[in-house]
Structures are given as structure tokens and as C-alpha cells.
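Chains A and B, in that order, are what the protein sequence lines are. Take the first sequence: its position 71, counting from 1, is numbered 71 in the numbering used here, and each next residue is one higher. Take the second sequence: its position 156, counting from 1, is numbered 156 in the numbering used here, and each next residue is one higher.
Don't read these hints as lab results, they were simulated from the structure. Hints may be right or wrong, so weigh each one.
Each pair may be met inside one copy or between any two copies, as identical chains are not told apart.
Stated by the list, open to error - Calculated lysine to aspartate or glutamate pairs in the DMTMM-like style (CA-CA distance at most 25 Å, straight line): (1) Lys187 / Asp290; (2) Lys181 / Glu273; (3) Lys248 / Glu281; (4) Lys78 / Glu99; (5) Lys190 / Glu294.
Protein chains: 2
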Amino acid sequence: MGLLVVGSLGLDTVSTPFDKVENALGGSAVYISLAASYFSGPTHIVGVVGDDFPKKYLDLLESRNIDLEGLQIVPNGKTFRWSGKYHYDLNVRDTLLTELNVFETFNPVIPDKLRKSRFVCLGNIDPTLQLRVLDQMEHPHFVVCDTMNYWIEGKKEELLSLLKRVNVLIINDSEARLLAKEPNLVKSAKIIREMGPEILIIKKGEHGALLFTEDIIFSAPAYPMEMIYDPTGAGDSFAGGFIGYLHKTQDLSPENMKCAVVYGSAMASFCVEKFSTKGLEEVEHLRVHDRFREFLNLSRFNEAE
Amino acid sequence: MGLLVVGSLGLDTVSTPFDKVENALGGSAVYISLAASYFSGPTHIVGVVGDDFPKKYLDLLESRNIDLEGLQIVPNGKTFRWSGKYHYDLNVRDTLLTELNVFETFNPVIPDKLRKSRFVCLGNIDPTLQLRVLDQMEHPHFVVCDTMNYWIEGKKEELLSLLKRVNVLIINDSEARLLAKEPNLVKSAKIIREMGPEILIIKKGEHGALLFTEDIIFSAPAYPMEMIYDPTGAGDSFAGGFIGYLHKTQDLSPENMKCAVVYGSAMASFCVEKFSTKGLEEVEHLRVHDRFREFLNLSRFNEAE
Chain A
1 MGLLVVGSLG LDTVSTPFDK VENALGGSAV YISLAASYFS GPTHIVGVVG DDFPKKYLDL
61 LESRNIDLEG LQIVPNGKTF RWSGKYHYDL NVRDTLLTEL NVFETFNPVI PDKLRKSRFV
121 CLGNIDPTLQ LRVLDQMEHP HFVVCDTMNY WIEGKKEELL SLLKRVNVLI INDSEARLLA
181 KEPNLVKSAK IIREMGPEIL IIKKGEHGAL LFTEDIIFSA PAYPMEMIYD PTGAGDSFAG
241 GFIGYLHKTQ DLSPENMKCA VVYGSAMASF CVEKFSTKGL EEVEHLRVHD RFREFLNLSR
301 FNEAE
Chain B
1 MGLLVVGSLG LDTVSTPFDK VENALGGSAV YISLAASYFS GPTHIVGVVG DDFPKKYLDL
61 LESRNIDLEG LQIVPNGKTF RWSGKYHYDL NVRDTLLTEL NVFETFNPVI PDKLRKSRFV
121 CLGNIDPTLQ LRVLDQMEHP HFVVCDTMNY WIEGKKEELL SLLKRVNVLI INDSEARLLA
181 KEPNLVKSAK IIREMGPEIL IIKKGEHGAL LFTEDIIFSA PAYPMEMIYD PTGAGDSFAG
241 GFIGYLHKTQ DLSPENMKCA VVYGSAMASF CVEKFSTKGL EEVEHLRVHD RFREFLNLSR
301 FNEAE
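Please work from the sequences and hints to get the whole structure.
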């Protein structure tokens with residue numbers, strides 16, 4: 001069985017101090033499946049677009065062995081649009097526009113053939129929709145989900161129901177603090193894991209990522225980037241690399257989970273090197289492997305005397 | 001030869017959300033030499049206090065094999081005092097009071113027998129004084145220095161002269177950005193290394209530390225602390241652990257430098273577990289070694305398939 005990815009597909013208008021793109025390919029399901037596509041195939045997207053969604057973007061996804069049978073294309077519908085502006089230090093961004101459009105009435109329907117998917121990645125969308133996806137699945141083996149402060153604040157109850165049914169939650173440090181109502185990250189992790197997910201990953205942007213399981217804490221370094229062109233999609237690319245590698249290896253041991261976190265970090269580092277999804281489109285398999293080794297070199301030290 | 005440490009000795013009044021201490025032992029030279037004392041001896045402090053400095057603090061330092069021959073005790077002088085208040089998230093602190101007192105007219109004099117010291121740690125004091133120390137040294141082999149935003153902004157020229165004469169600069173991320181005038185840390189590191197120090201360490205608090213040399217970048221994780229009682233002195237403890245380990249091993253290879261960064265991080269983690277210097281006073285040698293191993297486990301991952 002392939003990997004099932006549910007999330008948004010959108011048209012992003014993004015400006016950074018370096019450049020600007022309009023109506024570029026974006027959305028959580030897009031970044032997740034592109035990043036995952038380097039590891040295993042096929043990846044099946046469930047999502048929605050309007051019929052204004054450019055055919056070239058659909059072609060691009062299909063060329064990466066991403067199956068679009070679960071993609072709803074709404075006649076006369078308008079695709080989800082997001083616009084953001086990043087500031088000089090790139091850690092601060094202003095959302096200029098969010099047009100839900102066809103997403104407003106989206107009801108995810110999992111095609112029959114995908115209901116037995118064992119690996120499921122729920123991109124950052126309304127937890128009500130994420131729950132509706134899980135309701136249609138038959139015994140998923142490994143469910144990864146993402147969320148954001150907007151849902152933590154606005155749909156807490158639905159989110160808490162969801163967390164009881166997922167294996168992995170991937171969020172960033174400020175979201176973890178908000179969800180746990182606790183400033184200390186290590187304490188936050190304990191609190192959040194008690195909400196349901198046996199595995200928690202806290203992304204810390206330029207500071208790397210932390211993996212918390214029952215038995216281990218693993219600290220993955222960040223790739224030392226001299227230039228970040230466009231941070232959009234980094235978190236989704238992380239999730240895609242993480243689940244893509246696990247889906248490929250079918251090995252959920254803690255040791256392999258650490259490698260998956262590093263592959264997630266690697267895909268995020270490719271993502272931010274170019275605008276929109278460009279950084280993910282042009283990666284050679286060998287470069288993914290090389291970057292993994294760079295992470296090894298970056299964090300490896302030996303037993304002291 | 002022993003390790004020479006120059007810096008402040010003070011009486012700190014610190015409050016955190018958990019507790020408060022008044023006139024506790026503090027100062028950069030104190031934290032550095034206590035942390036270094038776990039690795040090698042003797043450590044020689046050059047600094048100044050007033051005759052109000054409690055004898056019990058002098059006794060404590062001497063009990064840790066810290067030599068006070070270079071300590072000036074000013075008759076009728078008043079010791080340097082600092083007072084700070086940490087907020088709930090402990091990353092934010094307000095300085096409530098800084099009384100330089102005897103530090104205002106401090107002129108560091110290196111005793112003859114210490115002028116040939118090969119390992120020198122310049123704690124965070126006025127760069128003019130740090131320069132005056134180096135002027136008295138005869139061919140020091142390895143000079144580590146610390147500084148802060150106050151000197152980067154107010155004594156830039158003196159600091160730049162100093163940086164040409166040190167081997168290692170240890171600063172935190174916001175200081176690095178300020179010194180390099182560059183928001184990206186990797187670029188900042190390049191700019192700062194061009195100012196003089198061949199080795200730069202950027203401390204990132206709860207996110208670990210980065211080591212930059214000509215050939216490598218090394219990312220050390222932070223110890224996952226559930227409880228930080230008092231962050232005061234963490235940076236100095238890091239510097240003390242770092243130089244103490246290098247002084248003990250006399251091995252300045254990149255691989256050993258990485259271990260030194262981890263030992264620095266270990267000493268910083270002990271420091272913040274208790275108020276004032278208490279966390280450093282009560283550490284067993286075995287616990288230092290154990291914590292080093294915990295850092296190994298925290299960041300180690302294997303070659304992927």
C-alpha cells in the first residue's frame with residue numbers, strides 16, 4: 001500500500017526580502033507528498049482544488065508518482081489561496097491573505113482502495129476534517145498529524161479527540177507551549193504525549209528538532225543554512241520526509257525513527273533553498289543521501305577520554 | 001602550568017519564579033573556575049573584591065583547588081554587586097541593579113608566576129581590561145574570551161583589538177548577530193571568525209551550542225531540562241567546562257574540541273539546576289562523565305540503510 005496524505009493544495013503568493021512569487025504551487029498536502037516522494041511511492045493525495053488550479057501543477061505532482069485519484073476538482077470552484085510576507089530575519093511573517101474558497105465546504109472522501117492505507121499523514125487542516133479522514137480508514141497502522149496555533153486555540157476539543165487517535169504529532173515549539181500551557185519544552189512534551197500521541201516531534205526551525213518517545217529524547221541539529229530563500233512549506237516538507245522514510249523502510253524502531261527525523265530535516269532544508277516547491281522539485285536522490293551524511297557529521301562526536 | 005581565569009567576582013541577588021537569594025556567590029571568574037575545577041587543577045583567579053567579600057566564599061573556592069594569589073582584596077572596598085529578576089519563561093530577565101564598586105578602578109595585575117600560563121580564560125569584563133591581561137602574558141598558547149552586548153555596543157574598537165589576539169570567542173546567538181550585524185548565524189560566524197578568533201562558539205541557551213572552526217561546524221544539543229532554577233552563570237559555566245577539559249587533555253584537535261563543547265554544555269546544565277553556584281559545588285566527577293554520556297545518547301543516530 002502507498003502512503004495516504006490529506007491536506008491542502010493551494011496557490012501561494014509569497015514575498016521575502018529577496019524575491020516574490022505569485023500563485024505558486026503550495027499547500028500542506030503538496031509539500032508533504034513532494035518530500036515523501038523521494039523515499040517511496042506511490043503517494044496518494046486526498047484534497048480539493050478549484051478548476052482554476054493550473055494543469056501544470058497537477059502534471060508536476062503526477063510526474064513525481066503522486067496519485068491524484070482522491071483529489072476533488074470543484075467545477076467553477078476557486079482554489080485555496082494564501083499570501084504571506086517574510087521579514088528580514090525570516091522568523092517573522094505576516095499573513096496578508098487567507099482565502100479558503102473550495103476548502104470552506106471540503107469534505108474529505110477517501111476512495112475505497114485507499115481506506116486500507118497503513119501509513120497516513122494528516123497535514124495541517126481543521127481537526128474536524130482530520131477526524132473525518134480517520135473515521136473512513138480501516139485500521140491504519142501509523143498516523144502522523146500536524147496542526148497549528150489556530151486550531152489549538154479555536155478547535156481544542158476536536159484536536160484533543162484527534163490526538164487520541166494518532167501515533168505522531170509534529171508541531172513547532174511555540175505550538176507545543178501553547179497546547180501544553182507550559183513554557184518548558186521537556187515538560188510540555190510529557191503533557192502532550194499524555195494527550196494521546198506516543199511520539200511527539202517538536203520542530204524548532206533554525207534550532208533543529210526534538211523527538212520524544214516513551215524511552216528516548218533525540219535532538220536533531222538544524223542544517224546550517226547561509227541563505228533561506230523562502231521558509232514556506234518547511235514544516236510540511238519535514239513531515240513528508242519523516243513519514244516517507246518510515247513508509248519506505250517499514251521500520252518503526254526508535255533508532256530508525258531518529259533517522260526519519262533527520263531525513264525530515266534534510267527535506268526541510270532543501271525546501272527553503274528555493275521559492276515555493278522549487279527546492280523539492282530539483283533534488284537528486286544522491287543529494288538527499290549526502291545531506292543526511294552532512295547531518296551526521298554536524299552532530300557526531302566521540303566518546304571522550 | 002595551571003589555567004588562568006580573569007573575570008568578575010561578585011555578590012548576586014537573584015529572584016526567579018521559584019525562589020530568591022541575596023548576596024550569593026557570583027561573577028564570571030567564579031563560575032568559570034568552579035566549572036573548570038572538575039577537570040584539572042590548579043585554576044588561578046585574577047580579579048578583585050572588597051573586604052566585605054565573605055571568607056566562606058574564599059574558602060569554598062580554595063577547597064576546589066582554586067588559587068587566589070592573583071585576587072586583589074581592596075581594604076574598605078565594596079565588592080561588585082548584581083541583582084536580577086527572571087520571569088516565568090526564564091529566557092527573559094531584568095537587571096535590577098549593577099554596582100561596579102571595586103571593579104570601577106580594577107587594574108588586573110598578573111602575578112609573575114602566572115605570566116607564562118598557556119591556557120587563559122578571559123571572562124566577560126571590559127575588553128580594555130581583557131587586553132591589559134593579554135599585554136602581561138608571555139606567549140599564551142590558547143586564549144578563550146567571552147563578551148556581551150554591552151561591550152559590543154559600547155567598546156567595539158577595543159573588542160575588535162582583543163578579538164585579533166584570542167583563539168576562541170564564546171558568545172550567545174543574539175550577541176553574534178549584533179557583533180556581525182547579520183541575522184543569519186552561519187553568515188555571522190564567518191564574519192566574526194574573520195575578525196580574529198579561529199574558533200567561534202555560539203551558545204543558544206535551551207537550543208544548544210554551535211562550534212565553528214576553519215573546517216567544521218558542530219552542533220551540540222542542549223540538555224533537556226525539566227526545571228531550570230536559576231540561569232545565572234550558565235554561560236560562564238559553559239566556558240569553564242570547555243577550557244577546563246581542553247586544559248586537562250591538552251588536545252586542541254577539532255574532535256576533542258567537540259567533546260569540550262559538550263563538557264561545557266554539561267557544566268552549564270549542572271549550574272542551572274540550583275541557585276547561584278550551588279549546582280556546581282555539589283557535582284561528583286562521575287556525574288560529569290554520566291552527563292557527557294547522556295549528551296551522546298541524546299544526539300547520536302546511525303547511518304541510515
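How the hints compare with the structure:
1. Taking identical chains as interchangeable, the C-alpha atoms of lysine 187 and aspartate 290 lie at most 25 Å apart only when they sit on different chains, with a minimum of 22 Å there against 34 Å within one chain.
2. Taking CA atoms no more than 25 Å apart as the test, lysine 181 paired with glutamate 273 passes between copies only; the shortest distance there is 22 Å, against 33 Å inside one copy.
3. Only within a single protomer do lysine 248 and glutamate 281 lie at most 25 Å apart by alpha-carbon distance; the minimum there is 19 Å, versus 50 Å between protomers.
4. Taking the closest pair of Cα atoms, lysine 78 and glutamate 99 come within 25 Å of each other only inside a single copy of the chain (9 Å); across copies the shortest separation is 65 Å, beyond that limit.
5. Proximity of lysine 190 to glutamate 294 under the C-alpha cut-off of 25 Å is restricted to the inter-copy arrangement: shortest distance 19 Å between copies versus 30 Å within a copy.
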